[in-house]
Structure formats: structure tokens, C-alpha cells
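Engineer: One-letter residues, chain by chain:
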Amino acid sequence: MKTMHLDPTAGDQAASVAEEVDKLLREGKQVAVTVAEEQELLSPQQAGQRLGISRQHVRRLIDYGELEARQLPGSSYWKIPLSSVLACEERRGRGRELAAEWSRDLEAMGAPPE
Amino acid sequence: MSQADPPRAVLDADIIYSRVLHELMGRVADDLRLLDLVWSDDLLAEARRSLVEKKCLTEEVATRWVDYLPRNFPDGETDVTRAADVDIEALTDDPDDRHVCALAIGLRVPATSSLTTAVICARPSEVRELRSPRQTRSSPPPSTPTPRIPRAHRAAGRWLGVRTADQGVAGRDRAGRGGALCRQGACSARPLSPGIQEFEPTSSISGTSGGKFPKRRISAHIPAHRTGKR
Numbered sequence: 001m002k003t004m005h006l007d008p009t010a011g012d013q014a015a016s017v018a019e020e021v022d023k024l025l026r027e028g029k030q031v032a033v034t035v036a037e038e039q040e041l042l043s044p045q046q047a048g049q050r051l052g053i054s055r056q057h058v059r060r061l062i063d064y065g066e067l068e069a070r071q072l073p074g075s076s077y078w079k080i081p082l083s084s085v086l087a088c089e090e091r092r093g094r095g096r097e098l099a100a101e102w103s104r105d106l107e108a109m110g111a112p113p114e
Numbered sequence: 001m002s003q004a005d006p007p008r009a010v011l012d013a014d015i016i017y018s019r020v021l022h023e024l025m026g027r028v029a030d031d032l033r034l035l036d037l038v039w040s041d042d043l044l045a046e047a048r049r050s051l052v053e054k055k056c057l058t059e060e061v062a063t064r065w066v067d068y069l070p071r072n073f074p075d076g077e078t079d080v081t082r083a084a085d086v087d088i089e090a091l092t093d094d095p096d097d098r099h100v101c102a103l104a105i106g107l108r109v110p111a112t113s114s115l116t117t118a119v120i121c122a123r124p125s126e127v128r129e130l131r132s133p134r135q136t137r138s139s140p141p142p143s144t145p146t147p148r149i150p151r152a153h154r155a156a157g158r159w160l161g162v163r164t165a166d167q168g169v170a171g172r173d174r175a176g177r178g179g180a181l182c183r184q185g186a187c188s189a190r191p192l193s194p195g196i197q198e199f200e201p202t203s204s205i206s207g208t209s210g211g212k213f214p215k216r217r218i219s220a221h222i223p224a225h226r227t228g229k230r
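For the protein sequence lines, the chains are A and B, in the order given.
What the first sequence shows, in my numbering, is residues 1 to 114, in sequence order.
What the second sequence shows, in my numbering, is residues 1 to 230, in sequence order.
Since the hints were derived computationally from the structure, they do not count as laboratory data.
Since this is a predicted model, take the numbers as computed values, not measurements.
Hints may be right or wrong, so weigh each one.
Pairs of lysine to aspartate or glutamate, EDC-like flavour, derived with a Cα cap of 20 Å [stated by the list, open to error]:
#1 2(A) / 89(A)
#2 55(B) / 105(A)
#3 55(B) / 14(B)
#4 54(B) / 114(A)
#5 54(B) / 89(A)
#6 79(A) / 38(A)
#7 2(A) / 31(B)
#8 79(A) / 66(A)
#9 55(B) / 107(A)
#10 54(B) / 42(B)
#11 2(A) / 90(A)
#12 55(B) / 114(A)
#13 79(A) / 68(A)
#14 2(A) / 37(A)
#15 54(B) / 67(B)
#16 79(A) / 63(A)
#17 55(B) / 23(B)
#18 29(A) / 19(A)
Covered stretches of chain A, going by a simulated chain B footprint (3 or more residues, C-beta under 8 Å) [unchecked claim]:
#19 61-68
#20 92-102
Backbone N, C-alpha and C define an ideal beta-carbon position, used for all residues, glycine too.
All chains should be built: construct the whole structure from the sequences, respecting the hints.
Structural biologist: Here you go:
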């Protein structure tokens with residue numbers, strides 16, 4: 001899964017998106033494209049669906065400061081900017097990549113699995 | 001907006017010794033943010049020595065093996081010099097456990113997170129059980145389901161000297177409140193280990209667990225320097 005951030009001040013960036021989509025289609029892969037405004041606000045339920053975790057765990061991540069969120073004036077409901085969810089997703093992706101690299105290195109060195 | 005932090009946890013050399021468990025706990029911490037992993041150079045040196053001696057790995061492989069924590073959790077590095085004024089040898093007879101005690105003292109583990117820490121550093125077999133329940137223990141009868149985390153907490157309780165009235169659970173309730181309320185006074189908990197009673201003054205914690213489980217009274221014997229209360 002790839003997320004592309006487009007900056008309205010930086011030239012024609014939509015072409016790079018089309019190029020990426022085209023590349024995947026040429027490889028015969030099915031592609032789903034989601035277009036969203038980065039400051040779009042998600043509910044904890046929606047953020048949880050995106051991150052693959054429960055609504056309750058989203059609330060915990062907000063408490064831990066892992067997810068930036070805000071309460072609308074006069075409301076007790078939390079709203080989470082999409083950009084914050086994407087940042088969390090990227091952070092988790094980096095962690096997974098580091099773990100996978102560690103595993104690959106140990107495999108290559110012939111380390112036992114247990 | 002950080003109002004709380006995930007419970008801190010020390011992975012003892014027993015956990016680091018197993019590549020699968022090691023990585024599993026790393027993913028629990030990194031991916032799900034259920035834990036904050038902490039480590040020290042002494043702990044990693046001990047794990048490296050153990051891997052070379054008991055698993056017959058080369059120095060190069062052992063170094064890469066223990067490199068997981070520093071590389072994935074650089075913020076978890078902990079200075080254990082604060083433990084320098086404590087007689088670690090009085091806490092444990094096992095030389096292999098001294099670096100964990102030093103780390104726990106250096107961290108000043110608060111009462112609410114000490115249970116999680118204890119599960120991981122003192123009861124690796126319990127964690128293994130949680131990982132593959134079907135292989136190591138029979139399933140509980142449907143009428144009395146045994147939740148996984150409370151089972152681990154009970155194990156931690158045994159290690160810490162926590163006494164629960166009905167072998168109940170200790171932990172956080174559904175609202176995220178820690179089930180601990182510190183107060184000075186006598187404590188009826190069993191001693192943690194030879195030497196732990198040497199800490200004075202001591203305080204006791206008590207509270208109730210909540211959530212979907214019935215409320216139960218718990219009490220624990222925590223050294224004053226670990227609770228931060230006088």
C-alpha cells in the first residue's frame with residue numbers, strides 16, 4: 001500500500017499519481033485509489049478501521065500521544081485528522097520493515113528460528 | 001496531549017534468547033504500542049553472552065540478534081547508574097538476574113506498570129503459554145473462561161508477592177484507570193524474594209480491578225522507592 005502526499009504549491013503532481021497507478025495496472029494488478037483531503041477528520045471508529053485496530057485502542061493511542069486528535073467545541077467526541085492516521089501508519093510500516101530486515105539478516109547468517 | 005504512557009517493560013535475557021518471543025514482544029510494542037520496551041547495555045551484554053555460550057552462536061550473529069532493541073527502540077535505553085547505591089546482590093541470589101533488578105530500580109517502575117514488567121521479565125514461560133495456548137495448556141471450560149492477560153497478571157502477582165482475595169486480576173479497568181491506590185500502612189502480602197524486605201519504609205497498594213471482570217480487592221507489597229511515595 002502506498003500513500004502519496006500532494007502539495008498544491010508544487011507543480012503538477014497528479015501526473016505522478018497517474019503514473020504510479022498505470023504502472024500497477026500494467027503489472028496486471030487490481031488497484032484501489034482513495035483520494036482524501038489530509039485535514040479530513042475521522043472518527044475513532046474510522047481511524048481504527050484504517051489502522052486495523054479497535055476503536056478502544058485508538059482512544060488509548062490518543063491518550064499515549066501517538067495519534068493527534070481533538071475534540072470539537074462543546075463535544076466529547078474525538079476527531080482525528082487523516083494526516084495523523086497516515087503518519088501513524090507510516091511509523092508502523094517503518095517498524096515492520098526494521099523487524100523484517102532484522103529477521104532476514106539473521107536468516108542469512110544461519111541463526112536458528114528459536 | 002500525552003496524558004499517559006504505555007506500560008514500560010523489560011525483556012529479560014530469557015525472552016531475548018528466543019528469537020520468536022523477542023520479535024513478538026517487539027511487534028506488540030512497536031506495532032500496537034501496548035508496551036514501551038526499555039533496555040540497558042548490561043542487559044544486552046548478558047543476553048549476548050548467553051546466546052554465545054548456550055546457543056553456540058558466533059559473536060557476529062549474537063551481536064546482530066541483540067541489536068533488535070537498540071535499533072527499534074532507541075528511546076528505550078536506560079541508565080542504570082541510579083541503582084548503584086542499592087545492594088543488588090541482596091535482592092537476588094541469581095547472578096543472571098542482577099542486571100534486571102538494576103534496570104527495574106533504575107527505572108523506578110511505578111506500581112501500575114510493574115505487573116506487566118514482572119510478567120515479561122520474571123515469567124517468560126507464562127508468555128510462551130500465552131503465545132501458544134493450545135500446545136501448552138488445555139482450553140478452559142466454556143463456563144469459566146480464563147482471560148489471557150489476567151492469567152499473566154496472576155503470574156506476575158505471584159512473583160511480586162501480590163495477594164488477591166480470590167486469585168483475581170490486577171490491572172487497568174475499561175476506562176484505563178490503574179487499579180492501584182497508594183497508601184501508607186501495614187501490608188499482608190507475601191515477601192517478594194529474599195532481601196526485598198530490606199527496603200524501608202515500605203508502603204502497600206490496594207485497589208480493585210474493573211472492566212468486565214467482577215471487582216476484586218488486591219493488595220501488593222511495593223518498596224517505597226519504587227512507588228515514589230514517602
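Engineer: With reference to the structure, classify each hint as holding or not holding.
Structural biologist: Evaluated hints:
Proximity of residue 2(A) to residue 89(A) is assessed by CA-CA distance (about 11 Å); at most 20 Å being required, the pair is judged to hold. Taken as a hint, the residue 55(B) and residue 105(A) pair is honoured in the structure, with Cα atoms around 17 Å apart against an allowance of 20 Å. For the given pair, residue 55(B) sits about 12 Å from residue 14(B) by alpha-carbon distance, which is consistent with the 20 Å threshold. Distance hint between residue 54(B) and residue 114(A) is fulfilled; the C-alpha atoms sit about 13 Å from each other, no more than 20 Å.
A hinted pair counts as satisfied when its Cα atoms are at most 20 Å apart, and residue 54(B) with residue 89(A) does not qualify at roughly 38 Å. For a cut-off of 20 Å, the pair hint linking residue 79(A) to residue 38(A) stands: about 13 Å separates their Cα positions. This hinted pair checks out: residue 2(A) and residue 31(B) have alpha carbons roughly 18 Å apart, not beyond 20 Å. Between the alpha carbons of residue 79(A) and residue 66(A) the distance comes to roughly 14 Å, so the proposed pair stays at or under 20 Å and holds.
This hinted pair checks out: residue 55(B) and residue 107(A) have alpha carbons roughly 15 Å apart, not beyond 20 Å. Proximity of residue 54(B) to residue 42(B) is assessed by CA-CA distance (about 18 Å); at most 20 Å being required, the pair is judged to hold. Straight-line distance between C-alpha atoms of residue 2(A) and residue 90(A) comes to about 10 Å, which keeps the hinted pair within the 20 Å bound. For the hint linking residue 55(B) to residue 114(A), the alpha-carbon distance of about 10 Å falls within 20 Å, and the restraint holds.
At roughly 9 Å between alpha-carbon atoms, residue 79(A) and residue 68(A) fall within 20 Å of each other, so this suggested pair holds. Between residue 2(A) and residue 37(A) the CA atoms are separated by roughly 16 Å; this keeps the pair inside 20 Å, and the hint holds. Only pairs whose Cα atoms come within 20 Å are accepted, and residue 54(B) paired with residue 67(B) is accepted, the gap being roughly 18 Å. Between the alpha carbons of residue 79(A) and residue 63(A) the distance comes to roughly 13 Å, so the proposed pair stays at or under 20 Å and holds.
For the given pair, residue 55(B) sits about 17 Å from residue 23(B) by alpha-carbon distance, which is consistent with the 20 Å threshold. A C-alpha spacing of about 14 Å is found between residue 29(A) and residue 19(A), which places the hinted pair at or below 20 Å, so the restraint holds. Under a criterion of three residues with beta carbons nearer than 8 Å to beta carbons of chain B, the stated coverage of the region 61-68 of chain A is upheld, 7 such residues being counted. A stretch counts as covered by a chain when three or more of its residues have a beta carbon under 8 Å from one of that chain; for the region 92-102 of chain A and chain B the count is 6, and the coverage holds.
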